[in-house]
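Student: Chains as they are written, first to last, in UniProt numbering: chain Z, 1 to 292; chain C, 1 to 214.
A portion of the hints provided could be inaccurate.
[As the list claims (entries may be wrong)] Pairs of lysine-lysine residues, derived as DSS-like cross-links and limited to a Cα-Cα distance of at most 27 Å, are as follows:
| hint | chain 1 | residue 1 | chain 2 | residue 2 |
| --- | --- | --- | --- | --- |
| 1 | Z | 220 | Z | 173 |
| 2 | C | 84 | C | 172 |
| 3 | Z | 58 | Z | 173 |
| 4 | Z | 220 | C | 172 |
| 5 | Z | 220 | C | 84 |
| 6 | Z | 220 | Z | 51 |
| 7 | Z | 220 | Z | 128 |
| 8 | Z | 128 | C | 112 |
| 9 | Z | 73 | Z | 58 |
Since the hints were made in silico from the structure, they are not lab data. As the structure is a prediction and not an experimental result, all values here were calculated from the model.
As a plain string of letters, each chain reads:
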Amino acid sequence: MTDTTALYDVPGPRTRQRHRRYGVLAVAVLLGLIAWVLYLLFDTEQFTYTKWMPFEYKGIQELLLRGLGNTLKAFGIAAVLSLALGGVLAVGRLSDHRTVRWPATLVVEFFRAMPVLVMIFFIFVALKVQPLPALVAGLTLYNGSVLAEVFRSGVNAVERGQREAAFALGMRKTQVMAHVLVPQAVRAMLPAIISQLVVALKDTSLGYLITYEEFLHAGKLIASNLDYDLPFIPVVMVISPIYIGMCMLLSWFAGWVSRREQRSPKTEAVTVATAGPGALLPGGEPPMAPKP
Amino acid sequence: MNVLTDNFTAYREGFLGTVELTVYSSLLALVLGFVTASFRVAPIGSLRVFGTVWVTVLRNTPLTLLFFAVLLGLPRFGLVLPFKVFAVLALGCYTSAFICEALRSGINTVPKGQGEAARSLGMTFGQTLSLVVLPQAFRSVIPPIGSTLIALAKNSAIAGAFSVTELLGTYKTLNELGYNIVWTFVWIALGYLVITLAISALFHVLERTSGIAR
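Put together the whole structure using the sequences plus the hints.
Tutor: Structure follows, in structure tokens:
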């Protein structure tokens, strides 16, 4: 309903003119806001040479690049480990044996309900682990549990008939899973998995809070340098586009995969909702847009 | 065990701080999410663009970066407010993007005929949206809004690390006092569980009383 929309009529000439007036007004208000912010920025001397000078130095550029490298390193390790943990926990949750299923459920629910930062701090402060392993462990526990739910709902979303037919052919459960359900589920789950990886990438910035020398940490070092007149705003202006750009790229990739999957006839029936951030609620997945 | 009884005041303050942050930020997020969702379906192009940019940028911003920019950056830029207000602003704006998307997917679940019927009665865009479509959309997105607010409560822990009075922040004082660090964290974890379970229960009730399954 968003673009063809039943919310308003196709505008006639007078309405179009009225909308154009509103549009101009809205643009004027927004431009006014931007101008005000720019005025404040100039007024508080954020564009002086001293504040932007640090970015000309090679040492500072290297510091930023090293920070970015550390961010990507933490993300890479956490992503691989979360996928592995998610797989293990999903197998546990889908198990036929209650002694396996229950502990797995408990672990998944607990780590999904805890703030990531509490886990990271616990590992860092109480277990006295180095910043990088502490960050990676925290991210892995959280994202692994969320991914376990994604995997589980992916496998369950494959049409029942498939499972029944496979069992009827005399396959054992492992075979049904490995040959029939998982290959189909993976295709449908891919967008949800990548979206969860965006969350992991965003959360690597929590490393800043436990003094892991990642991108934001490098920014903070530059920003609190008195020699450059405390360039907080310039640092934010340089760092944010890079951070947001990386996440957007990954989000866009998730969207691209999802659109491609929707066109594919093989996965038509299966849609896996993006994992909710902490869906303790029954049926906590957002309602999917109805298929045309 | 006696970590809790000895420091009940510290824990209570932290707990109430988290609750306060969560409540205020939720209200801000709901209002902003409502406004941006209306922008995103409005007939005026520039508002739609604004809504899209708002959602895309905020959804892809690491929350720590947002906290860094708002709590440490804005004061340098001449805007001085209490840290708690800044924290509510950062959390509320961040979450509003997710609320907006939830609402928008809810708008998509309302049958097209409803909007058309409203229009044929002569309702304007504002009336159609606010009287017919959004009330129904709200009811069908109660669960995802619930999980978004649970995520908000969990995210408020970051405010604690930026020295806003908050549940996670209590560990610092107790650590300095030399209490058993593991037990300190057990009580913090329980505090968060209480909050998230309370939100979950609240939305469960809401869903039972006013949710609709389509």
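Student: Any hints from earlier that this structure breaks? Give me their numbers in increasing order, please.
Tutor: Hints 1, 3 and 8 not satisfied by this model.
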